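Chains as they are written, first to last, in our numbering: chain A, 18 to 365; chain B, 18 to 365; chain C, 18 to 365; chain D, 18 to 365.
Careful: at least some of the hints might be erroneous.
A pair counts as met if it fits within one copy or between any two copies, since identical chains are not told apart.
Claimed, not checked - Below, a list of computed lysine to any residue pairs in the SDA-like style, where the Cα atoms sit at most 25 Å apart:
#	residue 1	residue 2
1	Lys348	Arg316
2	Lys348	Ser317
3	Lys348	Arg313
4	Lys348	Val303
5	Lys348	His161
6	Lys348	Asp124
7	Lys348	Thr40
8	Lys348	Ala101
9	Lys348	Asp210
10	Lys348	His166
11	Lys348	Gln211
12	Lys348	Pro167
13	Lys348	Gly311
14	Lys348	Ser214
15	Lys348	Val68
Hint data in this document are derived by calculation from the structure and do not stem from the laboratory. Fair warning: this is a prediction, and the values are worked out from it, not measured in the lab.
There are 4 protein chains.
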Amino acid sequence: MSQTVTPIPTSWVGPLRLSGEVTGEQEVPLATYETPLWPSVGRSARVSRLVDDGIRVTIVDERMTRSSLFVARTAADAVAAGSALTARFDDLAAIVAAQSRFARLIDVHTEVVGNLLFVRFALTTGDASGHNMTTLAAETFIDHVLAWHPELEYGSISGNYCSDKKATAVNGILGRGRSAVAEILIPAAVVADQLRSSAQRIADLNVRKNLVGSTIAGALRSANAHYANMLLAFYLATGQDAANIVEASQGITYAEVRGEGDLYFSCTLPNLIVGTVGNGKDLPFVDEVLTRLGCREERSSGGNARRLAALIAATVLCGELSLLAAQTNHKELMASHLVLERKAGGRR
Amino acid sequence: MSQTVTPIPTSWVGPLRLSGEVTGEQEVPLATYETPLWPSVGRSARVSRLVDDGIRVTIVDERMTRSSLFVARTAADAVAAGSALTARFDDLAAIVAAQSRFARLIDVHTEVVGNLLFVRFALTTGDASGHNMTTLAAETFIDHVLAWHPELEYGSISGNYCSDKKATAVNGILGRGRSAVAEILIPAAVVADQLRSSAQRIADLNVRKNLVGSTIAGALRSANAHYANMLLAFYLATGQDAANIVEASQGITYAEVRGEGDLYFSCTLPNLIVGTVGNGKDLPFVDEVLTRLGCREERSSGGNARRLAALIAATVLCGELSLLAAQTNHKELMASHLVLERKAGGRR
Amino acid sequence: MSQTVTPIPTSWVGPLRLSGEVTGEQEVPLATYETPLWPSVGRSARVSRLVDDGIRVTIVDERMTRSSLFVARTAADAVAAGSALTARFDDLAAIVAAQSRFARLIDVHTEVVGNLLFVRFALTTGDASGHNMTTLAAETFIDHVLAWHPELEYGSISGNYCSDKKATAVNGILGRGRSAVAEILIPAAVVADQLRSSAQRIADLNVRKNLVGSTIAGALRSANAHYANMLLAFYLATGQDAANIVEASQGITYAEVRGEGDLYFSCTLPNLIVGTVGNGKDLPFVDEVLTRLGCREERSSGGNARRLAALIAATVLCGELSLLAAQTNHKELMASHLVLERKAGGRR
Amino acid sequence: MSQTVTPIPTSWVGPLRLSGEVTGEQEVPLATYETPLWPSVGRSARVSRLVDDGIRVTIVDERMTRSSLFVARTAADAVAAGSALTARFDDLAAIVAAQSRFARLIDVHTEVVGNLLFVRFALTTGDASGHNMTTLAAETFIDHVLAWHPELEYGSISGNYCSDKKATAVNGILGRGRSAVAEILIPAAVVADQLRSSAQRIADLNVRKNLVGSTIAGALRSANAHYANMLLAFYLATGQDAANIVEASQGITYAEVRGEGDLYFSCTLPNLIVGTVGNGKDLPFVDEVLTRLGCREERSSGGNARRLAALIAATVLCGELSLLAAQTNHKELMASHLVLERKAGGRR
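Just need the whole structure built from these sequences, with the hints factored in.
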């Protein structure tokens, strides 16, 4: 195997003005072949700087999960074993605590299908995204479960009820990753000047496209225009496993007209998989990026990762707002796209 | 905006042995922070070389889509306009043909919700993934539609029924991107020696984890272990817009025991968004990679992109097969993962 | 087996005022244990009579489907056979036409997963809902397909891609049953007087509850409050197979504020499975009900069933509008519910 | 409003042999226009009587839910209020306990989208299905929540995150109704003689049709052939609100070959909405049916409803097994269907 690197075009955009989980102003890095994304995010970053509190981000929850699969002879056995495991929460929590300085068990959720028992473990994992920590814990759990329940057979360390890098409903409902909401209240004049649109038109478009359009497309727990673009670019620039955009991009844009034409605009991201330590995070350029983002500070456990999650959520809001505003105007999207691609490096 | 690059660790893996859309042997490039993916794909590539026809890939369909949104006063008007547009397929096709050397209109699908009319255009786009070509066509369509139907208002160039970079049902059912099936028939002895498992155990695991587990997770038209990982790595290495892994990773793994313990194993990928020309594809290192992959040859229109799609589908199969085989054995996953991460650069 | 009957409480409600597919006024029958549904539908029926055009219904499409499953040795074979079948559309259509006076083949849609070939046949079936007609056609198709393609094996007459009595995405996207949109424009004063609410509050509630709430619930191509209630009651009263409410209840409520507080309100029902002939329709009391509904007239083929579909769609709109209006007011739902249950027969 | 009744053809089928939640033999009532269902369920009932333990049913969980919607000014407020409510679980539980003899609060689950707060309350409700009890509790909760949190406004008593009579993911994952698994182990000879098939063919068909076919259809947390049919018929005959079949029919059939061709066959139904008291249950004929089913006995709270749920789950298994077995044989389905419809009353 010959090793090399693939160099992804990267730019720092902003700064964004922030409040809530993160305060002040912060530039953000976006690594992407789709370079028109840079000025697009930049436009809404400018909007954020025209608003007192900028973009406010609230972190709702954090956890990493792994679901293991056991095979019983009967459903009766599977259900009984599932109940017994849930009742031994403290034993399982002790196992995790003994194994890791950072991981803590916070939930055990079971589901039975016929004779199959799925057990979904949820852990907090400090500043790591926590995939390895949680997989390691699951491996140890399996040892114990098989010892406690000889009537069960090993099925799989992962039973797809986790769910890792798959678009599912379970992650949003039971939680996986950091859950974040980013929101902004934009005065009517700023909407008109900077976004060339109005609160009513953006709110209407959000209902028609993101909510109704996604519904007929058969989307699942998701209603947004393009979270995946911002997530990919931010994930790549910060050493995240970007395959997680599959689940992280499931989120909901919700907007309201407030007062005399002001725009309330929010992006809800229940499944932000992010970490500031762990695999990929000690590559020198990643380390540098995380430092510049203020995610290498001394904080309480998980604090750097929460900061990173907040920055990503705010960046997603910027890209989403710019695109929706552009799509309220016929021909604006393609025109700006072509101009921007040309600007971004004359590559076309 | 200061520009730089994010260097993603990249390795060439294989070669894979191939038949069907692509014949012969071919190494493939994987750009990822998750470097254990390299030996994992490599293991199944070795399996493919132990089988006469290796991995056979069939390309089923190809198209790119964009759905535009129009707003009528009534459903009656929206339905009537939708029918009229469908009936003018030839006019719409002529508009596309006049505008582009490569794009050809192949389908117009309408759906009405209340007074909202969604029109989903499908085009073939040669060797491009076709996002820009299709968006440009949609923009021109909108001009014509608004002229033909003054009772309609512009809603949005994209109504999310496309669906771009979102996990939905419509893409698999109506098509988006290249649709590919990769399959292999592996003798029992090779399954045992190379994959340390058996056909029965892999087939059972596929049913329990990928089909049943994905079902309870609330997955949507998707049943696989980790297509997203291989797609991300291959997309990044070849200049693709990797945000498309959100839709491309919706696919189904299906396995059967054949004869005396041989394994039939297949990966069906209905939404492979790939191109060999267009945005990002003329970056020098991408050009080099595509050349090495044999995707810079003189072929009929779309032929290079189909080759690329086939290589990706085969690579997805390799990664999927290796992971499933590993998960049939308790403790194999984590053990090999840790060994491989250590090997891959001593980064942990 | 001892046979008896289960007597479901039934009431005629309305009349509803109608335009579009059906004109004039018409009472509708609702058979249900949930008798508060009667005055609830009745309230919006009264609203419809206060509006010039009442509820306008547009029928968008009609078809019945069955998907058969064939098993090949390889995906390559399955894809080839699928293409060959699609190309023989005329042969397949001739088979249907020879077998039935009413059935006509209108679509053949194939999908391949690994070595499995799913073929979804769509037929128009006159005034029947068409399950038996379509199953019979599929049975005959299978004979021919197996004769034409000895490389295929019989898999199943139904491969669940139909999809019958299951909530899926395919039915809405490719069509199954009658597709209908019901809509009404209600003056602000009528909204205030009759529905004790306002257009803005109903529109907002629809977005927050039916669109956002359904999204986080993980609904699939569906955004409504309780279509299932009206469908069940109407289906039972008219001899329909009411298990079809599973798919028929997947629909979308969409509302807008128009002018100075007028309410545009619509219900889109893409999968109304209804028939006026066939199984259950010649029971004497069903015959009487269908006659009273004007669905036993001499009309062009399918005309009686379309009339029935339109009446059902309008009834669904009535029940949906009343409930949403009630839910805009704290405590109205339960209060009216309890009063109504008491009124409806003193059964509690 | 003139009241009448709709008489649904009804037959008692069986008896089924049962173990687990219910022991012994029991006939079951099916009210349906689709009378071929009677002998179809009857066939598998006969199978159950040829197996020692018959069909074993395990009840996994029971609860009824209602989600209320509150509107805040900001996500920050909504998240804070949601956390505060969860922390006041004991206060909320006391409110329920004071209001009802039977209802007990067991879970409060919150989810925030932008400034919208959804609160999903779960209660046990004794032998009632519990819709009214839970709605009444939610109404009282809202009073308290609005008093505790003046920063919140009333949104809706139901925010569709309940989810009532809608096919969603949340009900299966967080629970709604009784959750039941029915299973049977059938010797190879019985499969051959009674079902005219083999364990391997039935297990294969289940994977290909119910799992793979449902996946490509875009089904949601559901993989079965026709649960809706049995549920409708049983619900109608026992005074249940049959609109609940929409959610109740989301379930999973899972089968395995055991030993030398024995068939393990299971039906998992996570959302059985059933009650033996409450609306509709004191109609004289319903009372008689419930008595005959043994659901009018003195049992611990919820015991009669659990018995009813178990009988329904076992009946669903019977219908599902018969249909799958029939579909393994080309032409068996239609042939038996036509014969049976003729037998069932000469109506065709």
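So which of those numbered hints doesn't the model satisfy?
Violated: hints 1, 2, 3, 4, 7, 13, 15.
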